[in-house]
Amino acid sequence: DTEVTQTPKHLVMGMTNKKSLKCEQHMGHRAMYWYKQKAKKPPELMFVYSYEKLSINESVPSRFSPECPNSSLLNLHLHALQPEDSALYLCASSQDGRGGNEKLFFGSGTQLSVL
Amino acid sequence: GNSVTQMEGPVTLSEEAFLTINCTYTATGYPSLFWYVQYPGEGLQLLLKATKADDKGSNKGFEATYRKETTSFHLEKGSVQVSDSAVYFCALIMNYGGSQGNLIFGKGTKLSVKP
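Protein chains in written order, with my numbering: chain B, 1 to 115; chain E, 1001 to 1115.
Hints may contain errors.
Said to hold, decoys possible - Taking lysine-lysine and the DSSO-like style, the derived pairs with C-alpha atoms no more than 30 Å apart in a straight line are:
(1) E/Lys1056 to B/Lys18
(2) E/Lys1068 to B/Lys103
(3) E/Lys1056 to E/Lys1077
Unchecked claim - Label-pair ranges, simulated between beta-carbon atoms:
(4) E/Tyr1030 to B/Met15: 39 to 47 Å
(5) B/Ser113 to E/Glu1015: 33 to 41 Å
(6) B/Lys9 to E/Leu1046: 19 to 27 Å
Calculated from the structure, these hints are not laboratory results.
Idealized CB from N, CA, C, for every residue including glycine.
Make the full structure from the sequences, and use the hints.
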């Protein structure tokens, strides 16, 4: 199994809603990532978890809250988002996130629209 | 800082034409280099990679050679197919432990192949 599974595929939410994005992998990877991709732009790194600990937070606003319950699961909790947060949110995983030879496996993403 | 520059698209080709997508990088050390492909409505898939100078990455008829002297990693394919239509991202990651999955992407090049 070389898949990274993300749910839901599409999400529409209001600015006062609370929602969560979910990501799962069963490749035994110990590093997991959240990326944000705006239309026609490259992905931008948001968070990195390595061995279930948050190791990188790229100055992401607190309305985005990541959680890594175990090595296979990664969540992104959303609260009080703004319309400009509308984007494709990509999850990825890799062996352990400790080197330049890491191969990242990406999920298909959650297309988020904030109204 | 570290960055990736790739040719602006869109690139439109006829089936069986030769493809080149230029990519150059700026890095303070010795990065690993990647090409990712994103098909419409999907996440990113690793197409090929090279981890040191003069390495050639290849996959599905695509090739790219890590050229340290010109800081380039151009993507080539001898005969494109309609199914190659996608957005192609050149990316780098630094070869030290602290990089932790921080892929630095170029802006992406959209390729459209006509029958």
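Verification of the hints:
At roughly 46 Å between alpha-carbon atoms, E/Lys1056 and B/Lys18 are farther apart than 30 Å, so this suggested pair is violated. At most 30 Å may separate the alpha-carbon atoms for a hinted pair to count; E/Lys1068 and B/Lys103 meet this at roughly 21 Å. Proximity of E/Lys1056 to E/Lys1077 is assessed by CA-CA distance (about 13 Å); at most 30 Å being required, the pair is judged to hold. Distance hint for E/Tyr1030 and B/Met15: a CB-CB separation of about 45 Å, consistent with the stated range 39 to 47 Å.
The hint said 33 to 41 Å for the Cβ distance between B/Ser113 and E/Glu1015, and at roughly 35 Å that hint holds. About 21 Å separates the C-beta atoms of B/Lys9 and E/Leu1046, a value consistent with the hinted range of 19 to 27 Å.
Hint 1 from the list above is the single one not met by this structure.
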